[in-house]
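Residue numbers (this note's numbering), protein chains in the order written: chain A, 44 to 355; chain B, 44 to 355; chain C, 44 to 355; chain D, 44 to 355.
Please keep in mind that the hints were generated in silico from the structure rather than gathered at the bench. Even glycine gets a Cβ: it sits at the ideal position worked out from N, Cα and C. Possibly wrong hints are sitting among the right ones.
Said to hold, decoys possible - Examples of chain C residues lying across from chain D (beta carbon under 10 Å, computed): (1) ARG85; (2) LEU109; (3) VAL188; (4) SER347.
What the hints assert, rightly or not - Quick list of in silico lysine-lysine cross-link-like pairs, PhoX-like style, CA-CA up to 20 Å: (5) D:LYS174 to B:LYS174; (6) C:LYS174 to A:LYS174; (7) C:LYS82 to B:LYS104; (8) B:LYS104 to A:LYS186; (9) D:LYS104 to C:LYS91; (10) D:LYS91 to C:LYS82; (11) D:LYS58 to C:LYS104; (12) D:LYS186 to C:LYS91; (13) A:LYS104 to B:LYS104; (14) A:LYS174 to B:LYS104; (15) D:LYS174 to C:LYS104; (16) D:LYS58 to A:LYS104.
For reference, the chains in residue letters:
Protein chains: 4
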Amino acid sequence: MSQDLKTWPHHELGKELSNWGRWGDDDEIGTLNFVTPQKRVRAAGLVKTGRNFDLGMPFDKDGPFLPGGFRVNPLHVMTFMPSDTAQAPDGLITADDMVVMGLQAATQWDSLAHVGYDGRFYNDVPVGTVKTTGGATRNSFAKAVEHLISRGVLLDIARLKGVDRLEDRYEITAADLSAAEERQGVRVESGDILLVRTGWYQWFLEGDRAHFMGDEAGPGLDTCRWLHDREVAALALDNWACEIWPSQLPGANIPFHQVAIRDIGLTLGEMFNLEELAADCEADGASEFLFCAPGLKVTGSVGSPITPMALK
Amino acid sequence: MSQDLKTWPHHELGKELSNWGRWGDDDEIGTLNFVTPQKRVRAAGLVKTGRNFDLGMPFDKDGPFLPGGFRVNPLHVMTFMPSDTAQAPDGLITADDMVVMGLQAATQWDSLAHVGYDGRFYNDVPVGTVKTTGGATRNSFAKAVEHLISRGVLLDIARLKGVDRLEDRYEITAADLSAAEERQGVRVESGDILLVRTGWYQWFLEGDRAHFMGDEAGPGLDTCRWLHDREVAALALDNWACEIWPSQLPGANIPFHQVAIRDIGLTLGEMFNLEELAADCEADGASEFLFCAPGLKVTGSVGSPITPMALK
Amino acid sequence: MSQDLKTWPHHELGKELSNWGRWGDDDEIGTLNFVTPQKRVRAAGLVKTGRNFDLGMPFDKDGPFLPGGFRVNPLHVMTFMPSDTAQAPDGLITADDMVVMGLQAATQWDSLAHVGYDGRFYNDVPVGTVKTTGGATRNSFAKAVEHLISRGVLLDIARLKGVDRLEDRYEITAADLSAAEERQGVRVESGDILLVRTGWYQWFLEGDRAHFMGDEAGPGLDTCRWLHDREVAALALDNWACEIWPSQLPGANIPFHQVAIRDIGLTLGEMFNLEELAADCEADGASEFLFCAPGLKVTGSVGSPITPMALK
Amino acid sequence: MSQDLKTWPHHELGKELSNWGRWGDDDEIGTLNFVTPQKRVRAAGLVKTGRNFDLGMPFDKDGPFLPGGFRVNPLHVMTFMPSDTAQAPDGLITADDMVVMGLQAATQWDSLAHVGYDGRFYNDVPVGTVKTTGGATRNSFAKAVEHLISRGVLLDIARLKGVDRLEDRYEITAADLSAAEERQGVRVESGDILLVRTGWYQWFLEGDRAHFMGDEAGPGLDTCRWLHDREVAALALDNWACEIWPSQLPGANIPFHQVAIRDIGLTLGEMFNLEELAADCEADGASEFLFCAPGLKVTGSVGSPITPMALK
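With the hints as constraints, model all of the structure from the sequences given.
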C-alpha cells in the first residue's frame with residue numbers, strides 16, 4: 044500500500060479512467076478488446092502497395108542494456124552443429140540453437156501483469172497472482188497474443204516539433220498527439236494500435252546505449268485521458284520506457300505505466316524502430332497501416348519479445 | 044561428404060529442383076522471394092470476417108519434448124517480482140520474466156541455415172558459415188522474418204482420407220495434395236504459405252508426448268516437385284518433423300528437409316495447431332486466409348519460435 | 044504466519060533448539076561456526092592413505108528430476124567450438140561451454156536462506172531479505188562457502204539395519220544415529236560434517252528416478268536435538284530431501300528442514316553418493332575423514348551445486 | 044592444420060615437452076596424475092593453524108566480462124520464492140535459485156579439452172571428440188574433478204619485482220619462477236598445484252574491468268620447460284588468460300595454453316584472488332599449503348567454475 048494513497052495524483056487519475064469491469068470481471072486483456080473482428084477487416088483493407096516495414100530491434104548480445112542492470116541482452120547459443128552429424132551416411136548437416144533472454148529484451152510488449160500499484164493489477168487482480176514458479180496466472184501476455192493485429196497509426200512527435208529527435212525528458216502531451224493528428228491528417232480511433240515516434244531510437248542506431256537507456260522523452264500523465272477516450276488498443280514507442288523518464292511527479296515511479304496498464308488496461312510496447320516507417324508515412328502522407336505483432340504465447344509470461352510488422 | 048554422392052536419390056532430386064542462383068548468389072531467403080508486395084495486397088484482401096485463429100503451441104515446461112533429448116522444453120523464470128518494489132513510495136508493483144528455450148521449441152520456423160548436406164546449405168553456402176559463436180552468418184532466420192506474411196492455404200489431408208488423424212508413417216504424396224485442393228476447391232499458388240494438416244497435433248492435445256514425438260505421418264520426397272512447381276513460399280505442418288518419419292529411404296536422414304530447405308530454399312514450419320482453423324475451413328468452405336507469423340529477429344538464428352495467426 | 048503457531052510441535056521444538064543470537068545477531072552461517080581452525084587442523088590430520096572419494100552426482104541432462112516439475116536437470120551447452128578458430132594461423136583450436144542449472148540440481152548444499160517459517164529465516168532474518176533480483180541478501184550460501192572443509196563422519200544406517208537401502212518412509216531416529224556410532228566405533232563431535240547413508244542413492248544408480256524422487260527414508264524431527272547437542276556443523280544425506288518424506292506430522296511441510304535450517308542454523312546437503320565411501324569405511328573400520336565441499340560463491344545464492352570429496 | 048606447421052616455435056617446443064602416452068593412451072588428466080595419494084597425505088600435513096583462504100571471485104552480474112564478448116557474466120535468478128508457499132498451513136517459506144553461466148565465468152579451471160592445435164587435443168585426441176551436443180567426450184573436466192586437491196605453492200612474482208602488480212605485458216620467465224622460489228624459500232615439486240601471483244587481480248578489485256581483461260602480464264613460453272621438469276600438476280594465475288597477452292610470438296594465439304594444455308597436459312586456472320593469501324605467505328614465510336578446488340563434475344564440460352580454498 045502506498046504511504047498516503049489519496050494524495051497521489053496519478054492514482055486519482057487512474058480511478059477516473061479505470062476500465063475495470065468494463066469487459067467483465069474475468070477480462071485479462073483490457074483495451075485489446077477494442078480490436079474487434081470488424082476492426083481487423085478494416086485494418087486489412089489498408090494494405091495498398093504491399094510494402095512491409097520491420098519495426099524490430101535485433102535480439103542479440105549487442106542489445107540496449109548496459110552491464111550490471113537487472114535486464115540483460117539476449118544470449119544466443121548453438122545447441123547442434125553440422126559437425127554433430129558428421130557420421131550421417133547421406134551427408135546430412137543440421138544446426139539448432141537456443142536463446143536465454145528476458146521477455147523484455149529489445150522490442151517487446153508489456154502485458155497487463157507487468158505493472159500495478161497498491162497490491163492490484165488490472166481488473167482488481169491481486170498481486171499474489173504473479174508467482175515465481177508459473178509466472179502470471181492472470182493478465183498474462185499469453186492471453187493477449189492473438190489480439191495484436193489491428194490498424195496501426197503512427198504519430199510523429201519529433202517531426203511535429205521539427206527535430207530529429209525530442210529533447211531529453213521532453214513530455215509528450217495530449218495536445219501534441221492532437222496536433223500530430225492534424226498535421227498528418229489522420230485520426231486515432233477505437234481499436235487502433237498507436238505508434239508514437241520520439242526519434243529516440245536514433246540513439247541506439249548510433250550505438251549510444253547510455254543515452255538510449257537514459258533520461259528520455261515520452262508521454263506524460265496528461266496523455267492518459269486522451270488515450271482512454273480514443274479507445275486506443277495498444278500503445279508503442281521507440282524508446283525504452285514508453286513514458287517520460289524520470290517522471291515529473293516527485294516520488295512517483297513510472298506513473299504513466301501505472302495508470303495506462305493497471306487502470307486503463309493498455310498494453311504497452313517499447314523499443315520499436317519507427318525510423319523507416321515514419322519516413323515513408325511522411326513521404327506518402329499515409330499514417331495508417333495494417334499492424335501485426337502477435338508475439339509469443341509463453342505460459343505465465345509478463346511480456347513478449349516481438350519483431351513487429353507494418354504493412355501499407 | 045556423403046559416402047557415395049551420386050547414388051542418393053534425394054540428392055538427385057534436389058539437383059533437379061534446385062533454386063540456387065534463381066534470386067542471385069547472395070539470396071538468403073529462397074522461396075520467400077515469392078511473397079511479393081502484390082501477393083501481400085491480395086492476401087490482405089482475404090480478410091472478410093476478421094476472425095482470428097491462433098495456430099501456436101504454448102511455450103512452457105509442459106512442451107512436447109521427452110526428457111533426455113537434445114531439445115528441451117522452455118524454461119520460464121521470473122526475474123523481477125512485485126515484492127522487489129515493496130519500498131516504492133507510490134505503491135508501484137512490477138514483474139519481469141525471462142525464458143531459456145530452443146528456437147525450435149514448440150511451434151517454430153526452420154530457416155535455410157537449419158539443414159543441408161554434403162557441406163552446403165541453400166544457395167551454395169558452405170557449412171562453415173554456421174559458427175558456434177555468432178550462429179548462422181548466412182541464411183539466418185533473421186533475414187526471413189519480414190517475409191512471413193502472405194496468403195495462407197490449408198490443405199487437410201486427414202479429412203481427405205476421412206480420418207481424425209493420419210496413420211503413423213503415412214506418406215503424404217503430391218497426389219494427396221492435389222486431391223485435397225480439388226476436394227476443398229482451392230489452388231495453391233506462387234507465394235502461398237501452405238499449411239498441411241495430418242491431425243497429428245491431437246496426440247499432443249491428448250497429452251501423449253511419446254506418440255506425438257514418435258513415428259509420424261508427413262510429406263515424402265514425392266511432394267518436393269509439386270511444392271517447387273507451385274512456388275510455395277513456406278510449408279508448415281501440425282507435427283514435429285514436417286515430413287514422414289522415419290524416412291522410407293534406407294540410410295537417408297530427413298531427406299525431405301534436405302531437398303526442401305537446401306535445394307528448393309523452402310522455409311519449413313513445425314508443430315502448428317491446425318485443429319480449429321481446419322474445422323472452420325471445413326465449415327465455411329474457405330481454405331485461404333491472411334497468414335501472419337513473422338517470428339523473432341534473433342541475430343544468427345537458425346530457427347524461430349512463433350505464435351502464428353490466420354485471419355479470415 | 045501459520046494458522047495456529049503455538050500448536051505446531053516442530054515450531055515448539057525449534058524454539059527449544061534455537062541457535063539464534065548464539066554467534067551474534069549478524070551471524071549468517073549458523074552451525075558452520077563450529078568449524079574452527081583447530082577443527083580443520085585435526086581434520087587434515089585424518090588423511091592417512093591419500094585415497095580420495097568423489098561423492099558427487101554428475102551434472103547433466105540425465106539428472107534426477109522428472110519432467111514438469113519446478114526443478115529441472117542441468118543444461119550444458121557449448122559456446123565456442125574448435126571450428127570457430129578455423130582461421131587461426133597457428134592451428135589453434137579451443138572450446139568453451141556454459142550451463143543453465145538450478146543451484147539445487149544434483150548434489151548440493153542448502154544454505155540458511157533456503158527454508159524458514161512464519162516469515163523468518165535463521166537468526167531472525169525477515170522473509171523480505173530474499174529478493175527476486177539479487178537473491179538472498181542475508182544467509183546466502185556465498186557466506187558459507189569457505190566453511191565447508193572439516194572432519195567428515197559417515198554413519199551408515201542402512202548397514203546398521205542390515206539392508207541395502209532403507210524402506211520407503213523409514214524414519215531415522217536419534218537412537219539410530221547413536222547405534223550407528225556404536226556399531227562403527229566413531230563419535231560425532233562439535234564441528235563435524237555428518238554424512239548419513241540410507242542407501243537411497245542406489246535408486247538413482249539403477250535409473251529409477253521416480254523412486255529416487257519419491258517417498259523416502261530420512262531423518263525425522265526426533266534427530267534434531269541429537270544434531271543440536273552434538274554440534275554438528277552440516278548434515279548431508281544420499282537422498283533428495285535430507286529428511287523422511289512425506290513428513291509423519293500431518294499438515295507439516297519438510298518440518299525437519301524448518302527446524303534444522305531456520306532454528307538450529309544447520310546447512311543441509313542432498314543427493315550425496317555415499318556408496319563407495321561407505322563400503323570403504325566398512326572395510327577399514329574408519330568412518331572419519333577430511334571432508335571438502337566448498338561449493339560456488341554465487342552472490343545472493345540460496346544453494347550451491349557441489350562435487351564433494353572425502354580424503355582418508 | 045596450421046599453415047606451415049614446422050616453423051611454429053611453440054609447436055616445436057610442445058613436441059619436446061610432450062607427455063602424450065606417458066600415463067597410457069587413454070589418459071585424460073595429464074599432469075594431474077602427479078597428484079598421488081602420497082602427495083595428498085603430505086599436503087594435508089601442511090595444515091598447521093587451520094586458517095582458510097578463499098581464492099575465488101564472486102559469481103555474479105558484476106563479473107569481469109565487458110559487454111559484447113563471447114563470454115558473459117553469470118546470471119543468477121530465483122526460481123522459487125517464499126511467496127510461493129504462502130498457503131502452507133505451517134507457515135513454511137522456501138527459496139530456490141538457478142544460474143546461467145559460462146563454465147569459464149570468473150574463477151575457473153581449463154580442462155585438457157579446452158585448447159589444442161592442428162586438430163588434436165592432449166594425448167592425441169582428435170578435434171571431433173568435442174561435440175556441440177554432449178560436449179567433450181574426451182579430456183572433460185569431469186575426469187579431473189577429484190584430482191584437484193594437493194599441495195599448493197604460491198610464487199609471488201610481483202613481490203619478487205618489488206611492485207604492487209606487474210606491468211602490462213610483462214613476461215614471466217623460468218628465471219623469475221626460480222628466483223621467486225629462492226626469495227620465498229620454497230621449492231616446487233612433483234604434484235604441486237602452483238599459484239603464480241602477478242598482482243593483476245587488483246585491477247578487478249578496483250573495478251577497472253577494461254584493464255583487468257586487457258593486455259596482461261603472465262608466463263611466456265619460456266616457463267613451459269620449467270613447469271614440465273618440475274612436474275607441476277596444475278597452474279593457476281590471478282589474471283584472465285594465465286599467460287602474457289598478447290603473445291610475443293607474432294601470429295601465435297595463446298601459445299602458452301597450446302603447449303601447456305595440449306602437449307604437457309597441464310590443467311590451468313584463471314582469475315584466482317591471491318591477494319590475501321600472498322600477504323599471509325609473506326608475513327609468515329610459509330608459501331605452501333593444502334590446496335582444494337575440486338570444481339563441478341559437469342558431464343562433457345570443458346571447464347569448471349570454482350571457489351578455491353587454501354588451508355595453512
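Unsatisfied constraints (hint numbers, rising): Hints 2, 7, 9, 11, 12, 13, 16 are the ones this structure does not satisfy, whereas the remaining hints hold.
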